[in-house]
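S.K.: Sequence:
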Amino acid sequence: MAAHYDKRETRDEAAREKDLMKRLPQVLTSVVKMPAWRRHLGKIDPRSITSRAALAQLPIQRKSELPGLQKASLPFGGFVPGKPSAFGRLFMSPGPIFEPEAIGQDVWRVARAMAAAGFKRGDIVLNTFSYHLTPGAWCFDSGARAVGCAVIPAGPGNTDAQFDLIEAYRPGAYAGTPDFLKILLDAAKEKGRDASSIKRALVGGAAFPASLQKEVAARGVDAYQTYAIAECGVIAYETEAREGLVLNEDIILEVVRPGTGDPVAPGEVGEVVITVLDPHHPLIRFAVGDLTAILPGQSPCGRTNTRIKGWMGRADQTAKVKGMFVRPEQVAEVVKRHSEIARARLVISRVEETDAMTLKVETRTRAVEFIHAVTESVQAVLKLKGAVEPVKPGSLPNDGKVIEDTRPVG
2 MAAHYDKRET RDEAAREKDL MKRLPQVLTS VVKMPAWRRH LGKIDPRSIT SRAALAQLPI
62 QRKSELPGLQ KASLPFGGFV PGKPSAFGRL FMSPGPIFEP EAIGQDVWRV ARAMAAAGFK
122 RGDIVLNTFS YHLTPGAWCF DSGARAVGCA VIPAGPGNTD AQFDLIEAYR PGAYAGTPDF
182 LKILLDAAKE KGRDASSIKR ALVGGAAFPA SLQKEVAARG VDAYQTYAIA ECGVIAYETE
242 AREGLVLNED IILEVVRPGT GDPVAPGEVG EVVITVLDPH HPLIRFAVGD LTAILPGQSP
302 CGRTNTRIKG WMGRADQTAK VKGMFVRPEQ VAEVVKRHSE IARARLVISR VEETDAMTLK
362 VETRTRAVEF IHAVTESVQA VLKLKGAVEP VKPGSLPNDG KVIEDTRPVG
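Residue numbers (this note's numbering): 2 to 411.
Misleading hints may appear alongside valid ones.
Here are the computed distance ranges between Cβ atoms for each label pair [as the list claims (entries may be wrong)]: (1) H339 to A266: 16 to 24 Å; (2) G290 to S350: 19 to 27 Å; (3) P267 to P409: 49 to 57 Å; (4) P210 to R367: 39 to 47 Å; (5) A266 to K8: 28 to 36 Å.
Hint data in this document are derived by calculation from the structure and do not stem from the laboratory. Glycine is no exception: its CB is placed at the ideal position from the N, C-alpha and C atoms.
Taking the hints into account, I'd like the entire structure generated from these sequences.
M.R.: Right, dumping it as structure tokens:
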């Protein structure tokens, strides 16, 4: 069993929550000193934001908006304190999105995930994330060194050179995408190269389906998942319990209904929203664009933080119907206009070679007047005509979808 990284992982849940809510107004006080954050958050009293309910009243900032915000005020859109020269490294991810790396140890919060995966002092890590422009490799590099590992900065590709490194240094651990791990293992078998020293892996940057997990395990590699983004590093990580991913420390997680900032009921699938209590790179209600759900209870591994199911798809379900974009926010606006609706799902289909929409609404009301009113709201908000179908409360799938596009592809 992998050792816990520190005592914070196993502290009382109430103590962790108290600490987070104590630090939240402190970070907000520094945040509102920046004009960009003041414009975004509006007039708030940071001292009053001491609960999740109060936090949920603040506006969402979407990752998809960052390229435009940053372009208007290069490089960070005014949302990061200090000059670029005050940071240790400066990156650019696709978008483009510009990200700074603060000076310090394990600023991307990866060491905790590595410890949970069994990485320990004295291990050698083959790091195959790209060291070019994006922060991924540097995140895992700094995490490994914080744990006490030596790092081979291999990057992706060039399998022959990778095998030369592996056979010379005999790394016991791998960091990189799950796809490249499979490529390495396949190539080693095909070329008769010895990659048997690799016994553990911490993967990220791509989906790690159960079929691939099983295949990697059958080849003798104990691989663990991370859920991470370039803006803050590791959000959640897998442990030996193999029951969801454990939330990292110093992060406040919300799961909200796509297109809104409204937290969903426990266990319901929704969009990941995080608040990171980092004064060097604060994130306040940052909507990542991914779907997940919170799992009940604590992990059997002894870590007491919140658990999530992991990545469950993308929250951005924007679709084009009859040449018009329809968005989750618009569906949310229709629901907001009618208190009788608990949940809704817009189903897009093709009927007689024409796009068609049906808004399925969970409601106990079947009155003709109600259906007519909702139909009018659909046309007013979405600017398109659509049918309205009442369904029983709780009957819509719990998959986070607000817009379901059933039209055939191609």
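S.K.: Range first: 19 to 27 Å. Now tell me if the beta carbons of G290 and S350 are that far apart.
M.R.: holds (25 Å)
S.K.: Does the beta carbon distance between P267 and P409 stay inside 49 to 57 Å, or does it fall outside?
M.R.: For P409 against P267, whose Cβ atoms are near 36 Å apart, the range 49 to 57 Å is violated.
S.K.: Has the hinted range 28 to 36 Å been met by the Cβ atoms of A266 and K8?
M.R.: At roughly 32 Å between Cβ atoms, K8 and A266 fall inside 28 to 36 Å, so the hint holds.
S.K.: Could you see if the CB distance from P210 to R367 stays within 39 to 47 Å?
M.R.: With Cβ atoms ~41 Å apart, the hint holds.
S.K.: Does the Cβ pair H339, A266 satisfy 16 to 24 Å?
M.R.: holds (19 Å)
Checked against the numbered hints given earlier, this structure breaks only hint 3.
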